[in-house]
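Protein chains: 2
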Amino acid sequence: MSEYIEHDARGISVGLVEKKTYTFAEPPHEMQLESGARLGPITLAYETYGELNPLKNNAVLVLHALTGDSHAAGYYADSDQKPGWWDIMIGPGKGIDTEKFFVICSNIIGSCMGSTGPCTINPRTVEPYGLDYPVVTIGDMVTAQKALIDHLGIEKLMCVVGGSIGGMQVLEWCARYPQVVVSAIPLASTTRHSALAIAFNEVARQAIMADPNWNKGNYHKDAKPETGLAVARMIGHITYLSDEAMRLKFGRRLQDKSDFSFNFDADFQVESYLRYQGKKFVERFDANSFLYITKAADYYDFEQLHGGGSAVKAFSKTRAKFLVISFTSDWLYPTYQSREIVKALKKNGLDVSFCEIEADWGHDAFLLPNERLSAMIRGFLERVYHEC
Amino acid sequence: MSEYIEHDARGISVGLVEKKTYTFAEPPHEMQLESGARLGPITLAYETYGELNPLKNNAVLVLHALTGDSHAAGYYADSDQKPGWWDIMIGPGKGIDTEKFFVICSNIIGSCMGSTGPCTINPRTVEPYGLDYPVVTIGDMVTAQKALIDHLGIEKLMCVVGGSIGGMQVLEWCARYPQVVVSAIPLASTTRHSALAIAFNEVARQAIMADPNWNKGNYHKDAKPETGLAVARMIGHITYLSDEAMRLKFGRRLQDKSDFSFNFDADFQVESYLRYQGKKFVERFDANSFLYITKAADYYDFEQLHGGGSAVKAFSKTRAKFLVISFTSDWLYPTYQSREIVKALKKNGLDVSFCEIEADWGHDAFLLPNERLSAMIRGFLERVYHEC
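Chains as they are written, first to last, in the numbering used here: chain A, 69 to 456; chain B, 69 to 456.
Hints should not be assumed to be uniformly reliable.
Note that the list lumps identical chains together, so a pair holds whenever it fits in one copy or between two copies.
Unchecked claim - The calculated lysine-lysine pairs, modelled on BS3-like cross-linking and capped at a C-alpha distance of 27 Å, are:
(1) K214 <-> K124
(2) K411 <-> K317
(3) K284 <-> K347
(4) K292 <-> K347
(5) K224 <-> K411
(6) K348 <-> K284
(7) K214 <-> K381
(8) K348 <-> K317
(9) K385 <-> K411
(10) K150 <-> K87
(11) K124 <-> K88
FYI, nobody ran anything at the bench for these hints, they're computed from the structure.
So that you can see chain A by itself, here it is in the shape it has in the complex (with noise of 0.2 Å):
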C-alpha cells in the first residue's frame, strides 16, 4: 500500500496489489452445497485493500458480479497496469475510503478467475470438473466467502456492497448471516431474477451448448467453444447498456466506412464494438464458469429462500443499514426491483435510504464513474462507521 500509482482523473489507487489465496472443505470435510452436493477442496483467490483495525469494525465485504474476479483495486506487478475493476470506487479518498476501510474481495465459486469452478482440476479425476462440477448457488457463493471471513478473523462485516448479481449475494449475506452483516448496499440488483432476465441468459447459455466445440463441457484439451462463448457475451452486453446510452456511444454511425458494404462484414459501429467484445471476452474467461454462474443467478430467489415467498418477511432477522441503488436506464434490473428491495425493508422498521440515479448507461452505471455515486457511498459508509 505504500506504492501509489497517479491513475488519470480518477485520482490515486491503491497501488500495486496482489491475489491471495485461501483454501478450505478438504476432504473428507467437503462443503455442502444447496444441491445436497458437496464440493471440495475450496480455494478462493483474494484480495485485500487497506489495514483492518484493531477493533476489527471496519471490513468491507465486496461482491463481483458474473465475470468479475477477486482484482476489485489497483495494479498488478507484471501486468500492463490497468487497474482492478472498481478501481474508481476503492481507494483512498475513494467512495470505499481505503485509508480508512479494509476492503475484502473474493472471487466467486465457480468462477474461472483463481476460485474453484468448472476448469479447477476435480482432484478425483485429475482432470478439469467440466460438468462434473456442481451446479452452485448464491447461497453457495456466499458461504465460500464466510470461510473466507472467518479465516481473516473478521466477525463482523461492516459492509457487504455489490452490484448486479454481486447485489443478489449481498442481500444473501443479510439473510444467512445477519449478526455479522452492519450495513450492505446492494446497487443495480433484484431479489430475484425476471423472466426477462432469465430469458436472456438462457439464450447465451444455448449459444454456448451449440458450439461444437463446446463437447458437454469437456473442451479442455481441445479447440473451445469460442464462438458460442463470443455470442452468449454479445447477448450480455446488449442487456448491460440501454437503448438510449447506445444511441449515444453508436446511433447509425458506420465503421471507418463511408458506405454499406453490401455483405455480412460489420457495417455499423454497434456491430464492430459487440464483435470485439466477443472476441476479447473469449481471451479471459471459461464458458462453463459462464453457464454455471447464469444458473446460480437465475435460480436465486430471496423472497422464496428466506421468505417463503414474501421479501418482507426474509428481511425480518436482519437489523443492517441499508443504502439501495438503482439507475434509471437500467433495463435488466430496473428500478421497480429495487423498490421492491426497499418497501420490504422499510415494513420491517429498517434504516435504509434509497436513491435512483439518472444515468445513462444502463445497468453496467454501476461500474462507471459517477461522483453522484462515489459521493452517496462515501457518506453512507462514514456515518455506518461512526454509528457502529
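Position chain B against the provided structure of chain A, taking the given hints into account.
Here is chain B on its own, set in the frame of chain A:
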C-alpha cells in the same frame, strides 16, 4: 371466397385461399437493386382476398414482417387449418374488411416463403444462390411489390399497411410512389433501426454464422445451421415480448417440476418456451433469409434515403392520409420512434391520426387480437374509402 370457416371467437374467415406467383425481371431485364447489383428472374408469391371493384380504388396492400409470408388470411385446403398470420385482422367484417376491400399480400424478396431469395435456385449455377444472392434492401422489396401491383392492373393503393419491417415498407411506398399511395398505416414501426435494434440483429446473425453447419451460406446439400438459427430466433423472441409480457406469461414458473434440476436442462417455463420457439422456427425458415432480411432492416434509413437526414423532407412528396400506431410495451420500436414519424407528417400538414395502444405484449402486440386496434383500422379505412 365462397366457403367460410368458423374460426373460434374471432369470427368468420376469408375461407380457403391459394398461393399464387408472379415472375418478372427475366434476363436480360433484371431488376436494378439499390446496391448496384442486378437480380432476375424474380418470382413473388402472393395471395389476394376480396374483390377488386370496377373503379379499382379499394386495393389494400398488406406488408409482412421479418419471418412472415404471403399467407396473411384464410386457410389452405391441404394444411392443418392454421389460418394466415393476420387472419384476426383480414376477413369479412374484420379490421380490413374483405367484403369491401381487395387485399393483397406478397412475400418479400430475400425471404424463403415462395419469393426469390437465397434458397432459390440461381439460374446461372443451377444451385441455390446462398451468399451469391445479392443484399437486397427495403427499397428493393418495395420495387418488386410495385411490379406485382402493376401486373394486377392497380394504379392506386387505397392503403398500404404493415407492422415492424412491414411498416418500413409502408414508409418506403409513401416516399417512392407518392402518386400511388392514398393512405398508409405503419404499425409498431420506425423510420430506421436504433443501435439497440441493430445490436440484437447482429448478435442473431453472429449466432447463425457461428454455426459450423452454416458453411458460409452453402448448406443446402448438408446439415443446416439449425442450432445457430434456433439461437437467433430465441434472441428475436425476447425482443418481441416485453418485461411485463414475460412476467405475465411465465414469471418464474417452473417447467413440470417442483424443484430445480441443478443441471442445464430447462428449469423455467420461459426457457422451455424459447427452446421450443427456436426448434419450431428452424422447420419453417431459412438461415440465409434471416441474414438477408435483418440486414435489409438494419440498413433502412428513411430519413437518409429520402430526406438527406430529415424525416420532414422525406415525407414532403406524399399526400397520403396516415394512421400511425405504436404499443406501450414495444421496446424494439418504442413509441417515441412512432411519435417522430407523426411529428414529421404534421410538419408537412398531412392528415395524420396517431394512437399509442396500451398493450402488455411488447412488439408482438400488433399481431395479437385487439379489438381497439381492429376498430381503429376499420374506422380509418372506411373514412379513407369514402373520401377517395
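To see whether the hints hold, each was checked on the structure:
1. K214 <-> K124: Within one copy, since 16 Å is at most 27 Å while 78 Å is not.
2. K411 <-> K317: Between copies only: 25 Å across, 34 Å inside.
3. K284 <-> K347: Both: 22 Å inside a chain and 19 Å across chains, each within 27 Å.
4. K292 <-> K347: So K292 and K347 pass the 27 Å test inside a copy (13 Å) and across (25 Å) alike.
5. K224 <-> K411: Only inside one copy: K224 and K411 sit 26 Å apart there, 59 Å across copies, limit 27 Å.
6. K348 <-> K284: both (23 Å within a copy, 23 Å between copies)
7. K214 <-> K381: Answer is within: at 23 Å inside a copy they meet the 27 Å cutoff, but 64 Å across does not.
8. K348 <-> K317: within (19 Å within a copy, 36 Å between copies)
9. K385 <-> K411: Within one copy only: 16 Å inside a chain, 54 Å across chains, cut-off 27 Å.
10. K150 <-> K87: within (15 Å within a copy, 61 Å between copies)
11. K124 <-> K88: within (20 Å within a copy, 81 Å between copies)
Figure legend: structure checked against the earlier numbered hints; every hint is met.
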